[in-house]
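K.L.:
Since the structure of chain A is provided, determine the placement of chain B on it from the hints.
From first to last, the protein sequence lines stand for chains A and B. First residue of the first sequence? That's 10 in the numbering used here, and the numbers climb one at a time after it. First residue of the second sequence? That's 10 in the numbering used here, and the numbers climb one at a time after it.
Source of the hints: derived by calculation from the structure; they are not laboratory data. Check each hint, because a few of them may be wrong.
If several chains are the same, the list does not tell them apart, and a pair holds so long as it fits within one copy or across any two.
Calculated cross-link-like contacts (lysine-lysine; reagent style BS3-like; alpha-carbon spacing at most 30 Å) [said to hold, decoys possible]:
hint, residue 1, residue 2
1, Lys52, Lys63
2, Lys52, Lys84
3, Lys167, Lys372
4, Lys76, Lys366
5, Lys208, Lys167
6, Lys63, Lys309
7, Lys57, Lys282
8, Lys76, Lys52
9, Lys379, Lys76
10, Lys332, Lys372
11, Lys76, Lys372
12, Lys90, Lys63
13, Lys282, Lys63
Protein chains: 2
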Amino acid sequence: MCGTENQAATNGTTKHLSSPSSSTDVVLNLDHGDPTVYESYWKRIGEKCTVVIKGSELMSYISDVRKPCWFLEEKFESVIKRLHRLTGNAVVDDRYVVVGTGSTQLFQALLYAITTTDASLGGTGGGPDQLPVPVVCAAPYYSQYAEETDYLRSGLYKWAGDAYAFDKDGPYIEVVTSPNNPDGTTREAVVIHNGDQGKVLYDMAYYWPQYTPITRPADHDIMYFTFSKSTGHAGSRIGWALVKDEAIARKMTKFIELSSIGVSKDSQIRAAKIMEVICEDYQDFKHHQNSNHFFEYARKLMENRWKRLREVVARSNVFSLPKYSQEYCLFHGECTESYPAFAWLKCKEEGVEDCEKLLQEYKILGRGGKRFGSDPSYARVSILSREEVFQQFLERLEIIKGNTN
Amino acid sequence: MCGTENQAATNGTTKHLSSPSSSTDVVLNLDHGDPTVYESYWKRIGEKCTVVIKGSELMSYISDVRKPCWFLEEKFESVIKRLHRLTGNAVVDDRYVVVGTGSTQLFQALLYAITTTDASLGGTGGGPDQLPVPVVCAAPYYSQYAEETDYLRSGLYKWAGDAYAFDKDGPYIEVVTSPNNPDGTTREAVVIHNGDQGKVLYDMAYYWPQYTPITRPADHDIMYFTFSKSTGHAGSRIGWALVKDEAIARKMTKFIELSSIGVSKDSQIRAAKIMEVICEDYQDFKHHQNSNHFFEYARKLMENRWKRLREVVARSNVFSLPKYSQEYCLFHGECTESYPAFAWLKCKEEGVEDCEKLLQEYKILGRGGKRFGSDPSYARVSILSREEVFQQFLERLEIIKGNTN
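Just chain A, same shape as in the assembly (with noise of 0.2 Å):
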């Protein structure tokens, strides 16, 4: 812990709000954490990024049918473990890389990989009969966590909601966000084990240095991470998983190849080539506290919208915002603050119980807190839309203000 920590609420009576007629512009959709903030980034880099595929390039299904994960490119592989040991962010030695359409693609492959009971895949071969595995994730969760898990309502698991209120005995699947999507803090996993019956997923989604100080090197069994959220390339849909057990990855490889025979190639390469220009970047700067790279330009432009976030809610009666504790972060070198991809609002305002449907009067659309198992006073919305959205963002915000007399 270090430093002091930012005050983001303030104090004031609210008689009532102003009125939404005075903001007619176009709805802002912060609903989504689509990351086009970092779109004026990639433009100023420039060519070196752009990437070239002949017409008669990567056609075939296969990569290499050595790996246990048969469609992943090797310079994807290669690149993927040289952003990490560069971030400092996860450990990649004697962990197997698996490819995903995303990583709400592994999300599901890691469940079927966990819960298949098909004998000839290293399942248990518990039968028809076997009841389906109850998967949990600490409130608030992910809102779609709910819904992947089951909207096939699949026979190997189900949705059992909040994993501080699980109390069963027998398997289970607990999945564990940090940081939290979406309420940015850390996390670690709730459930009290029974026995080694209990497997843990980490989503680390957000675990990269313009969003969270970098304590230590992630070190678990399961852990995914995605190109959505680390560079901002959510339109190519990449996501991989770092595994420690081999028949983990054989049987997350046989979901992929069932859901999708495999993952775009033309993806892999253009995330190998973007994260490739990232690592040559700092190749010769080992000390990059002041450099413009893309994870120090990233967290200042982070903890810039953040500071101007903060300052609006600070003049606020209406909401307030979650608080984080500083940390050494040690890819960079110094103590940072938590700058989350989504600000998680909480609506203080008496007799306002809904702060979805309140950002929606004043065409902000956000997402209710009920959706990732909280309260309605809590609404998520999104820090990653691009400059003059957020600018709107802000003025809209501003506007909400209470009136104190």
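P.N.:
Relative to the frame of chain A, chain B by itself:
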């Protein structure tokens, strides 16, 4: 029906097979339909097919929120329609295009779209006690359909095998693969409809002028295609569906959102580029029979391979191949035969009951008939390998010829 049919099998009494020990080369993996046969064409075409993507492009999740399929790239959609109009293989007017991570993802998106009971998505709200909808396909059927339907033990749908044997009341889904994988035949639905409770999915992966005569523009309510088999770019994992009903398109989109939050934009743009080059090549050539553009080149190549394959099989006392009738092809403007992507080899040798195993003795990996709901005396072998692999395949097949006294 035009012309005469190609005769595949020959007569003769087989005494015993040549020893497999004469073939000690590497294993020929012809288990997958990996379409590397087309590489040489795209090499020759050169730079005009090269796709160039800047670091700052295609970063957003979103393509166009006004479309039912909000992650569909405009350029991809328009080129898809242009290619169908060029080849005349499918009606595109008044159809919604849904892009998928290969047609594999689209098949599953369709199962979900048809069976979901989620009322918020326009489902019938059958509730958790609703029985899974049976999914059938006439044998021999694509080997992966059973596993793709059942691997998650969905409560929404369930594989029910051969459509010819299906006689249940109530809702069902029939998949019609035409031309068929594995045996190259043209197909129609076979289940006798009981009211309007059946839905038919048309898998048209092979309905392109290099594989089969284009006798009419397919005009079904639900059809899907793939980049892998049309131009040979399997590594890009791009497929597309043409659907009449907007509600189906929206529910498919919801599935793909939950499964992978969209489809690689890099690959959509690359597919658009390559298919655009094909369309441009034909722009000024109405009479293209003698051209060397993609579909003529590919047809000649497939014709040549089938000619060589049939010659070897004609000398064989062990194998036979299906026969295909000639039809007038609207695209080529002449009578053409089918040159399927797979050889559906039948082992007619007495005492040899497992075709896959026999091929394996000669280090040829094919896929046995049982996997397709058929007889083990059949095996499917890919015709889409690189030339040197295909040539080796023929040479090994020749060795398996029985010794006739």
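K.L.:
Run through the hints listed earlier and report the numbers of any the structure violates, in increasing order.
P.N.:
Hint 3 contradicted; others consistent.
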